[in-house]
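J.: Chain A is already provided as a structure; the job is to place chain B on it using the hints.
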Amino acid sequence: MTALLEAIGIGKVYPGGVVANDGVNLSVQAGEVHAVVGENGAGKSTLMKILFGIEQPNAGQLWLDGRPVGFANPRQAIDAGIGMVFQHFSLVPSFTVYENVVMGSEPRTGITFDRQKAIAEVQALSDKFKLGVDPTQPVRNLPVGQQQRVEILKSLYRKARVLILDEPTAVLAPQEVQELFVAIRSLVEQGQTVIFIAHKLPEVLQISDAITVMRQGKTVGQVKTKDVTEHSLAAMMVGREVVLRVDRKQTDQSQLVAACKGVRVVNARGADIISDLDLSVHAGEIVGLVGVEGNGQSELLEAISGLRPTVEGTITIANENISQMSVLQRRERGLASIPPDRLADGLSTGSTVAENIVATRLNDRRYVRNGLLDLRAIKAEAIRLIEKFSIRVGGPAFAVGTLSGGNMQKVVVARELAEQPKLLLVNQPTRGVDLGATQFIWRTITDARDAGTAVLLSSADLSELMALSDRLLVFYRGRIVAAFVNHPDLSPETLGTYMLGLKTQTADEMKAALK
Amino acid sequence: MSSAPIVKPQRWAAFRRELFRNVGALLVAMAVTTVIVFLTSKAPLEALTQLLTAPAAKVRTIGLWVDDIAKLTITGLAFSLVFQARQFSMGVQGQVYIGAIASTYVVLSPLGQTPFGLALGVLAAMAAGAFYGFLPGFAKARLGANEIVSSLMLNYIAIELCNFLVRTALPLPQAGVLTTIDFPESAVFPALVDKTRIDLGLIFAIVAVLVVWFALYRTAWGLKLRLVGHNARFAEYAGIRSTFIMVSAMTASGALGGLLGAMFVQGQTWGKLTVQFEGGLAFEGILVAIVARSRPLAVPIVAIFYAYLRQGASLMNVRTDVPAEVIGVVTAIIILLVSSTFSLNFLTRWFKRGPAPVATAPAVAEGATK
Chain A
1 MTALLEAIGI
11 GKVYPGGVVA
21 NDGVNLSVQA
31 GEVHAVVGEN
41 GAGKSTLMKI
51 LFGIEQPNAG
61 QLWLDGRPVG
71 FANPRQAIDA
81 GIGMVFQHFS
91 LVPSFTVYEN
101 VVMGSEPRTG
111 ITFDRQKAIA
121 EVQALSDKFK
131 LGVDPTQPVR
141 NLPVGQQQRV
151 EILKSLYRKA
161 RVLILDEPTA
171 VLAPQEVQEL
181 FVAIRSLVEQ
191 GQTVIFIAHK
201 LPEVLQISDA
211 ITVMRQGKTV
221 GQVKTKDVTE
231 HSLAAMMVGR
241 EVVLRVDRKQ
251 TDQSQLVAAC
261 KGVRVVNARG
271 ADIISDLDLS
281 VHAGEIVGLV
291 GVEGNGQSEL
301 LEAISGLRPT
311 VEGTITIANE
321 NISQMSVLQR
331 RERGLASIPP
341 DRLADGLSTG
351 STVAENIVAT
361 RLNDRRYVRN
371 GLLDLRAIKA
381 EAIRLIEKFS
391 IRVGGPAFAV
401 GTLSGGNMQK
411 VVVARELAEQ
421 PKLLLVNQPT
431 RGVDLGATQF
441 IWRTITDARD
451 AGTAVLLSSA
461 DLSELMALSD
471 RLLVFYRGRI
481 VAAFVNHPDL
491 SPETLGTYML
501 GLKTQTADEM
511 KAALK
Chain B
1001 MSSAPIVKPQ
1011 RWAAFRRELF
1021 RNVGALLVAM
1031 AVTTVIVFLT
1041 SKAPLEALTQ
1051 LLTAPAAKVR
1061 TIGLWVDDIA
1071 KLTITGLAFS
1081 LVFQARQFSM
1091 GVQGQVYIGA
1101 IASTYVVLSP
1111 LGQTPFGLAL
1121 GVLAAMAAGA
1131 FYGFLPGFAK
1141 ARLGANEIVS
1151 SLMLNYIAIE
1161 LCNFLVRTAL
1171 PLPQAGVLTT
1181 IDFPESAVFP
1191 ALVDKTRIDL
1201 GLIFAIVAVL
1211 VVWFALYRTA
1221 WGLKLRLVGH
1231 NARFAEYAGI
1241 RSTFIMVSAM
1251 TASGALGGLL
1261 GAMFVQGQTW
1271 GKLTVQFEGG
1281 LAFEGILVAI
1291 VARSRPLAVP
1301 IVAIFYAYLR
1311 QGASLMNVRT
1321 DVPAEVIGVV
1331 TAIIILLVSS
1341 TFSLNFLTRW
1351 FKRGPAPVAT
1361 APAVAEGATK
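Line by line, the protein sequences give chains A and B.
Each residue of the first sequence is one higher than the last, beginning at 1 in my numbering.
Each residue of the second sequence is one higher than the last, beginning at 1001 in my numbering.
With the rest of the complex left out, here is chain A (with noise of 0.2 Å):
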């Protein structure tokens, strides 16, 4: 059998020597589901923007029904049958389904705009694929699920026989992730063919065939989802067996190292987000943030960290008051801090590496004196962290922006644990990120507990949390509602009861674990 299509040793080197796809085959069989999976920065994405035009190979060949093809651009992939669904939609949210959909290619009576035509057929290729899409909504209007299905049809619309999602289960609640599935199953059974991008092993596992796995920039291989459990296929992805825990040292977790009392921190209006709270973090044990984002977490290591205004109460470090201090002197102080958005805080995707690694310690007279910078110094040092996180980069001089979304982060936690901080404040350090950058970013977080520093992590994942932390205290509303020791038998229900509130420790209970 032949396939419908396939790419043969399809090579890509983007400006810059970033190698980003070499030798990669792709096979796909008409009428079925074949997910593409990979690591971030293994080259999915890629591979998807070759196949769509976006993107011109320097190597390889496209067969579409046994015919070679090129694609210069996207209209040229549309014209052949290739649709795509990007994971950030380009919809225009005050237009109707119907309008976005047929915009660029609108039925006509003369020279005016069908409309009546239009909203029917909208509504027919709904129907027949059970997209259940309302064509006269506005685009505003619908949940995000509904938007997806709204660019599957914008695809469909112009003739799409090839459907490529990129990622399309990353924006979905798990709800919708199921009626996205009915959506593809229909899909299949009607002859069309669908290439599923993803990160989660599960949903590739429910949905699709076929499984093409990628590693950094290559393909590992090909394999049939009825073969395979989730256990091998992780362990195709990252090239060794994957072990999501990380092993602890015993530490002396006497010394106290931070501590906040009263702290109180308000919004915008002046309402309180943080009321009244007192925590304290000792060396070498990492204190894990619980609670449904939004109350408090997030906001107390912005004020810590000194990005947001302390109203009322102290923060010390080593019984110095930070509380009033700049974000330098608290830095100078020992703090580190990993932010949750890495392109937003973290980094200056337009700068260098090395950069980026020194920008927070621009008053070290190691790396400047007198006002003038050291750029061998610089350099060295962007190059001995380049090579202890193992990022994957050309050098020291190439931008940021460059990198993968896991080398990235791998910048920032690089450059947070160049030193050995007192005080690390970690939020979402793997939100984004794959498993192999995952465990390693564990273990970094880890290892500097165990060398003595106290952290405080923050994190949706509550897995991560009871993963890494030696305590954990749940935030609701601002307020500390429960405090627990970590240990196995503490269960994620028994957390949840107290992120949603349901329930509270008195004092009393709170107290073994407050310290």
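Calculated directly from the structure, the hints in this document are not laboratory data.
Small disclaimer: the values here were computed from a predicted structure and weren't measured.
The C-beta atom is built at its ideal place from N, Cα and C for all residues, glycine as well.
Where hints are given, some of them may not hold.
What the hints assert, rightly or not - Short derived list, chain A residues pointing at chain B, Cβ under 8 Å:
(1) L307
(2) A344
(3) S348
(4) L362
(5) V368
(6) L373
What the hints assert, rightly or not - Pair by pair, the computed Cβ-Cβ distance ranges are:
(7) B:Y1217 with A:R264: 42 to 50 Å
(8) B:F1015 with A:E312: 37 to 45 Å
(9) B:L1152 with A:K130: 55 to 63 Å
(10) A:A344 with B:F1015: 29 to 37 Å
(11) A:V292 with B:A1332: 38 to 46 Å
(12) A:A460 with B:Y1156: 47 to 55 Å
(13) A:V311 with B:L1152: 51 to 59 Å
(14) B:L1045 with A:G350: 40 to 48 Å
(15) A:W63 with B:L1027: 35 to 43 Å
T.: For chain B alone, coordinates are given in the frame of chain A:
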């Protein structure tokens, strides 16, 4: 991948791409200009010849060209500095006038007669320009005033202040003339080449390029400035005081603007203060900075080309029936093509498909004249 060899990014390749892009933009702009000249002029070939050859034809015109290079370089640097910090201060013109006024007061005072007159005039101009650049920065940092609006308003104040002082307060050679008396010989920049406008200002321009480059790429201040320009939130998070950087970048840029003011009034061009002496040159630094991508070492290269066009247009204006405003078309097209990413793809495709843009121009012109 720690074993991967440390390589340098392909700077040459990037440089060639930029060069190709800019030369492409220039060719397209010249092609359009050709069409316009053919459409409007009675003697189009004569006009184009003047535009393309006149600046290099005589020692005197080469002098005009070089003088423009020096001045465009300084204003280009001033804009590059604020653009790199992602501040859109448009105040160079105002700083030029304020600098020129400060220089005039110093040079026409008894100090101007001393051997230090020249240097004091330049320093006074730079200090006044720096203060004038500091104002919109301070207003932004303290009051949240938009720097585009405040700097543009300050430009008008400076221009009219100069106007007012020349008419009322400064010594004039005779009543009704809108220029001051000549500056003392010792305070005027010596000419480097006799009987041309090439003077000490050229040296100032070369030094300024090196100083700005050094400040941006070799000092902690420059690194902070560029980090603030790339991502101000990250700079704050890293402990860099972005408001201080912002205000200091605008102040330093103001000092360059003031220097340019001194180069006008103390240079061979004038040797005195007059109303509207700067002829709109200050604003053309925006074009130079944009095409040079705000990189100080690229600024003089861009200035060489642009100064040639500028002088060509002005000589064409004098000697033929085509007005100098035609150069505005060239400027506009270059800015459009260079500042849009669209131009690169569009040009590459064009070149791949065949006819060079210059070759197509006469055909278009014929089609349009029918």
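J.: Decide, hint by hint, whether the structure agrees.
T.: Hint-by-hint comparison with the structure:
Because the smallest distance between the Cβ of A:L307 and any Cβ of chain B comes to about 6 Å, under 8 Å, the interface hint for this residue holds. Restraint check, A:A344 versus chain B: the minimum CB separation of about 6 Å is within 8 Å; hint holds. Using the Cβ-Cβ criterion of 8 Å, the hint placing A:S348 at the interface with chain B is satisfied: the shortest such distance is roughly 4 Å. Among the interface hints, the one on A:L362 holds; its C-beta lies about 5 Å from the nearest C-beta in chain B, closer than the 8 Å criterion.
Against a cut-off of 8 Å between C-beta atoms, the interface hint on A:V368 holds, since the closest Cβ of chain B lies about 4 Å away. Of the supplied interface hints, the one on A:L373 holds, with its beta-carbon coming within about 6 Å of a beta-carbon of chain B, less than 8 Å. The hint said 42 to 50 Å for the Cβ distance between B:Y1217 and A:R264, and at roughly 44 Å that hint holds. The supplied range of 37 to 45 Å is broken by B:F1015 and A:E312, whose beta-carbon atoms lie about 56 Å from each other.
Separation of B:L1152 from A:K130 is about 58 Å and conforms to the stated range, judged on CB atoms against 55 to 63 Å. Between A:A344 and B:F1015, the C-beta spacing of about 31 Å keeps the proposed range 29 to 37 Å intact. Between A:V292 and B:A1332, the C-beta spacing of about 54 Å breaks the proposed range 38 to 46 Å. Hint check: A:A460 to B:Y1156, Cβ distance near 53 Å, so the stated range 47 to 55 Å holds.
Distance hint for A:V311 and B:L1152: a CB-CB separation of about 39 Å, inconsistent with the stated range 51 to 59 Å. For B:L1045 and A:G350, the Cβ-Cβ distance of about 46 Å falls inside the hinted range of 40 to 48 Å, so the restraint holds. Evaluation of the 35 to 43 Å hint for A:W63 and B:L1027 yields a pass: the beta carbon distance comes to about 40 Å.
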